[in-house]
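Visitor: Each chain is listed here by its residues.
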Amino acid sequence: AQKITQTQPGMFVQEKEAVTLDCTYDTSDPSYGLFWYKQPSSGEMIFLIYQGSYDQQNATEGRYSLNFQKARKSANLVISASQLGDSAMYFCAMREVGNQFYFGTGTSLTVIP
Amino acid sequence: NAGVTQTPKFQVLKTGQSMTLQCAQDMNHEYMSWYRQDPGMGLRLIHYSVGAGITDQGEVPNGYNVSRSTTEDFPLRLLSAAPSQTSVYFCASSYSRQPFYGYTFGSGTRLTVV
Numbered sequence: 001a002q003k004i005t006q007t008q009p010g011m012f013v014q015e016k017e018a019v020t021l022d023c024t025y026d027t028s029d030p031s032y033g034l035f036w037y038k039q040p041s042s043g044e045m046i047f048l049i050y051q052g053s054y055d056q057q058n059a060t061e062g063r064y065s066l067n068f069q070k071a072r073k074s075a076n077l078v079i080s081a082s083q084l085g086d087s088a089m090y091f092c093a094m095r096e097v098g099n100q101f102y103f104g105t106g107t108s109l110t111v112i113p
Numbered sequence: 001n002a003g004v005t006q007t008p009k010f011q012v013l014k015t016g017q018s019m020t021l022q023c024a025q026d027m028n029h030e031y032m033s034w035y036r037q038d039p040g041m042g043l044r045l046i047h048y049s050v051g052a053g054i055t056d057q058g059e060v061p062n063g064y065n066v067s068r069s070t071t072e073d074f075p076l077r078l079l080s081a082a083p084s085q086t087s088v089y090f091c092a093s094s095y096s097r098q099p100f101y102g103y104t105f106g107s108g109t110r111l112t113v114v
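Chains as they are written, first to last, in the numbering used here: chain S, 1 to 113; chain B, 1 to 114.
No lab work stands behind these hints: they were computed from the structure.
Treat the hints with care, as some may be off.
Claimed, not checked - Short derived list, chain B residues pointing at chain S, Cβ under 8 Å:
#, residue
1, G40
2, G42
3, L43
4, L45
5, Y48
6, S67
7, F90
8, Q98
9, P99
10, F100
11, G102
12, F105
13, S107
Just so you know, even glycine gets a beta-carbon here, dropped at the ideal spot from N, CA and C.
This is chain S alone, in the form it adopts within the complex (with noise of 0.2 Å):
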């Protein structure tokens, strides 16, 4: 079974507008860590935003904000305000404890002026 699914391979979205790329993870450890990277046209990979198993509350970086779900098993990224810079791949990822990353497939957003 895979571990991290992205069911959106390309997304499209007005400048200024909010957008959310679904994530679900699949594990049966209590301690875990789920992560989003973004990775521009340039190639390089950027952490955005980190939200713990045992976190309480949705963690939130600036315009970046992880809607975590856990009995659901997601992980969703809202991005607030779009804007043009946003244009990306955007990778999903969840570690457990002694593990490796796994990572979805990754997402494209597209920022519409």
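Based on the hints, put chain B in the right spot on chain S.
Guide: Below, chain B without anything else, positioned relative to chain S:
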């Protein structure tokens, strides 16, 4: 801090040639790994290391070797390059194996095998 330094950024190899992709980090990170990124497939783990002298295979290890003689360095060796190894390669490091620590990525190496 330099973070994670990968060299070279670009490389073209002929089929059958060997080469080493270099990766160095200056953050005293315990955990290091190599991924390859291919269109539509996300990042796939090649090899990883949980400390100096300790390495293990990931999802796609065939055709690659690694070693970790120091905490800082984690080179990836292509033994006999094949066109199927054309990809973008990322080195990444993490402070520990605990799930609370994220990766710091290198800038990537774009490898073409002709």
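Visitor: Now tell me, hint by hint, if it's right for this structure.
Guide: Verification of the hints:
The interface hint given for G40 (chain B) holds, since its Cβ lies 6 Å from the closest Cβ of chain S, which is under the 8 Å cut-off. Nearest Cβ of chain S to the Cβ of G42 (chain B): about 4 Å, under the 8 Å cut. The hint holds. Here the hint on L43 (chain B) is kept, as its CB sits about 4 Å from the closest CB of chain S, short of 8 Å. Annotation: interface hint on L45 (chain B) holds; nearest CB of chain S at approximately 6 Å, less than 8 Å.
Annotation: Y48 (chain B) was flagged as interfacial toward chain S, and the flag holds, the nearest CB pair being 6 Å apart, inside 8 Å. For S67 (chain B), the shortest C-beta to C-beta distance to chain S is roughly 18 Å, which exceeds 8 Å, and the interface hint is violated. The closest approach between the C-beta of F90 (chain B) and any C-beta of chain S is roughly 7 Å, which is under the 8 Å cut-off, so the hint is satisfied. With a least beta-carbon distance of about 7 Å to chain S, the hint placing Q98 (chain B) at the interface is held under the 8 Å criterion.
About 4 Å separates the beta-carbon of P99 (chain B) from the nearest beta-carbon of chain S, less than 8 Å, and the hint is met. Among the interface hints, the one on F100 (chain B) holds; its C-beta lies about 5 Å from the nearest C-beta in chain S, closer than the 8 Å criterion. For G102 (chain B), the shortest C-beta to C-beta distance to chain S is roughly 5 Å, which falls under 8 Å, so the interface hint holds. For F105 (chain B), the interface hint holds, since its Cβ comes within 8 Å of a Cβ in chain S; the closest pair sits about 4 Å apart.
With its C-beta approaching chain S no nearer than about 5 Å, S107 (chain B) sits inside the 8 Å limit, and its interface hint holds.
Checked against the numbered hints listed earlier, the structure breaks hint 6 alone; every other hint is satisfied.
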